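Participant: Protein sequence lines correspond, in order, to chains H and U.
According to numbering that gives the first Met the number 0, the residues represented by the first sequence are 0 to 431, in order.
According to numbering that gives the first Met the number 0, the residues represented by the second sequence are 0 to 431, in order.
The hints are simulated quantities; they were obtained by calculation from the structure and are not laboratory data.
Incorrect hints may have been included.
You can't tell identical chains apart in this list, so a pair holds if it fits in one copy or across any two.
Derived DSSO-like pairs: lysine-lysine, alpha-carbon spacing no greater than 27 angstroms straight-line [unchecked claim]: (1) Lys93 with Lys233; (2) Lys378 with Lys149; (3) Lys149 with Lys300; (4) Lys398 with Lys349; (5) Lys46 with Lys168; (6) Lys47 with Lys109; (7) Lys300 with Lys139; (8) Lys349 with Lys47; (9) Lys139 with Lys37; (10) Lys250 with Lys300; (11) Lys331 with Lys149; (12) Lys87 with Lys218; (13) Lys47 with Lys398; (14) Lys331 with Lys139; (15) Lys404 with Lys194; (16) Lys55 with Lys87.
Computed from a prediction, not measured in an experiment: that's the story for all the values here.
Number of protein chains: 2
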Amino acid sequence: MINIGIMGLGTVGTGVVELLENNRHVIAQRLGEEVNVKKILVRDLSKKRTPYAEGKLTLSADDILEDAEIDVVVELMGGEEPAKSYIKKALQNKKHVVTANKEVISKHGKELFELAEKSGVSLLFEASVGGGIPIIRPMKQCLAANRILKISGILNGTTNYILTQMQEKERNFEEALREAQRLGYAESDPSDDIKGFDAARKLAIISSIAFNTRITPDKVYVEGIERIELEDIKYAGELGYIIKLVASARKVGEREIEAIVAPVMLKQNHPLSAVRDVYNAILVEGDAVGKVMFFGQGAGKMPTASAVVADIMDAAREGRRRIYCTCYDELKVIDVGSSTSRFYIRLKAKDKPGVLSKISGAFGRNDISLHMVIQKDVKGDVAEIVMVTHQVPFRNLQKALDEIKDLQDVENVANVVRVEEAASDGVHGNHQ
Amino acid sequence: MINIGIMGLGTVGTGVVELLENNRHVIAQRLGEEVNVKKILVRDLSKKRTPYAEGKLTLSADDILEDAEIDVVVELMGGEEPAKSYIKKALQNKKHVVTANKEVISKHGKELFELAEKSGVSLLFEASVGGGIPIIRPMKQCLAANRILKISGILNGTTNYILTQMQEKERNFEEALREAQRLGYAESDPSDDIKGFDAARKLAIISSIAFNTRITPDKVYVEGIERIELEDIKYAGELGYIIKLVASARKVGEREIEAIVAPVMLKQNHPLSAVRDVYNAILVEGDAVGKVMFFGQGAGKMPTASAVVADIMDAAREGRRRIYCTCYDELKVIDVGSSTSRFYIRLKAKDKPGVLSKISGAFGRNDISLHMVIQKDVKGDVAEIVMVTHQVPFRNLQKALDEIKDLQDVENVANVVRVEEAASDGVHGNHQ
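Next comes chain H alone, as it looks inside the complex:
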């Protein structure tokens, strides 16, 4: 029998307790032994809890961390402290640790994995990225023979839900966000999701694994979806694209990586374009396996519990030879200014002769050639102009836009969105 201590009894903690109870038989059969929840750490004994937690609650972390009978500590509190300190102590006390904490893993992974290795125990974190979708273990084990060339994904359900609502129901951003909050897909303060920080933490974790180098969230260039408006969604549709918040990392040189979270216009037949609503997906490109994609529910009580319990079973099962941190390399994350992309720009300018020429001039001076220009929607004497560039470095675009914003006849640059090259392999849709 395996004894576990659960730290935190929020949504995911409750899901884990319920899953261990409801699927007790199946789990015991597959593992070859029972999993017993011995203690559960909470902060408030008076709160109403799942009946399965009865008799196991404690307010004292040491009741778990210092109990010699407890083999696996399951950290589901979230947040940086005291979660990080508890994880450290558990590892020091030679207990396996299973966590869903993307903040702690993405920022302090190096230190904690070294500690786990020294103690000869497992530190497992499948639930920290992509909820229930198997990602970490497939990447670390199943794709272990590949050099990873690129990973890109939709890693945040809140923003994907909002963009889907805007796309399919033509709701504007605020309405879509309110709907997400109503359904529990967004927090009352949704900035972590909306601004892309949640996706950035997850990208830091999976790109560290993919490229065997330590990438922390501060190294990731982050843009959220706050500026996406219905007009952008519509123009994207007209041009054959769908806007997604894409987290991607890829090798751009022998020892250089690009890591970016930003809204991207994807061709309608891109594998990620088919991922809608709260679903997440990660597309991995390996030099042997080619393109592989994992898709499923990136968050939610039971999907996340599914990943946590699978890790508990692995911790119970793993023998002496574990997979430790494989961040043996030290690659450089390039400055985002050097990253190249195609860009969509939507701006408002006075509908006068010569305006387009001045705008194009700014692009030309910065070595940016234009793929397409559409002038639309003249309201009064103000026209909306939409442009798509060819592949250019981001810093060139930023310089061109600085010049354009200064032009007298330009009212504002309403939005700038990256445009992905078409990746039509493997997916039906608009035919190439």
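Please build the complex by placing chain U on the supplied structure of chain H, with the hints as guidance.
Facilitator: The following block gives chain U in isolation, referenced to the frame of chain H:
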């Protein structure tokens, strides 16, 4: 250092040797030790081989099976014998075995897993289903806390390529098959793929894992794509569907399973509809995780080598507690006559008053209600009639069709294809 013996140096064997050499450094870094190919079993020493094989070739299986230095035997010969006997001997000699052999695993898994467990070694077979796509390990480990409700997939690249060609390029079956053969996606004798047997073996393997019960290929109901014609593809498109060869298994009762490989019309926004060309995908529905899908190249030299080498690394890495066969249950695979589905029927009948009434009568007598009837394409006095039923047991349909075939005015029943209920979750496309 891990010493391995490779049995068979065909396409996949060559891919494995090349991958171990080309990604030698990455593999050693991640595994923590080197993988050395000590011996390679071939049948013909005179054949031209990859230079990496030099000095390692042998005609004698015992050079590998009886070599105490060899830790892992990699069986890549294919076919039932002598592969099965070699695997048995390797396991008896307490060597780990990695294989891509779906025939041996699907038919003789029970015996071989018991032997592996008795010897305390691993028998790994990720490459036997879905080429490089991580499927086996995610199902056995990452989804281990779930009761699986259903699995469905596109498991054969040859047939998916053919159907995609028919769909997108409007090639007829014979042309599409010739193109597949020209590109190396189909064998000169393609029956194993076309008739669905390859998909059936793979379904047997993954449904055994999903439902913890031994399912052998003979228990799977199999229909191939030989009867699919362009007309069916076109009607499907008109009705908002795409035809795929779907392998699926699901719980239909407490202790009963349905296991079927057959062409199915999927709604255009079904996650599997987006899987085109030679790509494969498996959609798994777990009671905690919900829907999860794995997508990638189901075959091919390097994708398959990717899976084989990952298994070699796992065999090297796995400690004492392995995941053995988890087929502890004994569920019953129901007779396909009891399986229910919607059905599309295309038939040719004389364009006369009363014919439709007789045809409908046959359906009515067998408790089949019709969802839709289209009469088209009258050539001379022969009309093509397309019908879609509501959800009915297969045996009722078979009885109705037997009666219909006997009707004087019915020329022939050109085709019958299952129609899947729409699963619009998670995928863009036609909106519900």
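Participant: So, for every hint listed, does it hold in this structure?
Facilitator: For each hint, the structure was consulted:
no.	hint	result
1	Lys93 with Lys233	neither (55 angstroms within a copy, 63 angstroms between copies)
2	Lys378 with Lys149	neither (43 angstroms within a copy, 54 angstroms between copies)
3	Lys149 with Lys300	between (30 angstroms within a copy, 21 angstroms between copies)
4	Lys398 with Lys349	within (21 angstroms within a copy, 73 angstroms between copies)
5	Lys46 with Lys168	neither (39 angstroms within a copy, 62 angstroms between copies)
6	Lys47 with Lys109	neither (37 angstroms within a copy, 47 angstroms between copies)
7	Lys300 with Lys139	both (25 angstroms within a copy, 21 angstroms between copies)
8	Lys349 with Lys47	neither (61 angstroms within a copy, 71 angstroms between copies)
9	Lys139 with Lys37	between (30 angstroms within a copy, 26 angstroms between copies)
10	Lys250 with Lys300	between (34 angstroms within a copy, 24 angstroms between copies)
11	Lys331 with Lys149	within (15 angstroms within a copy, 44 angstroms between copies)
12	Lys87 with Lys218	within (24 angstroms within a copy, 51 angstroms between copies)
13	Lys47 with Lys398	neither (56 angstroms within a copy, 57 angstroms between copies)
14	Lys331 with Lys139	within (21 angstroms within a copy, 36 angstroms between copies)
15	Lys404 with Lys194	within (24 angstroms within a copy, 63 angstroms between copies)
16	Lys55 with Lys87	within (23 angstroms within a copy, 48 angstroms between copies)
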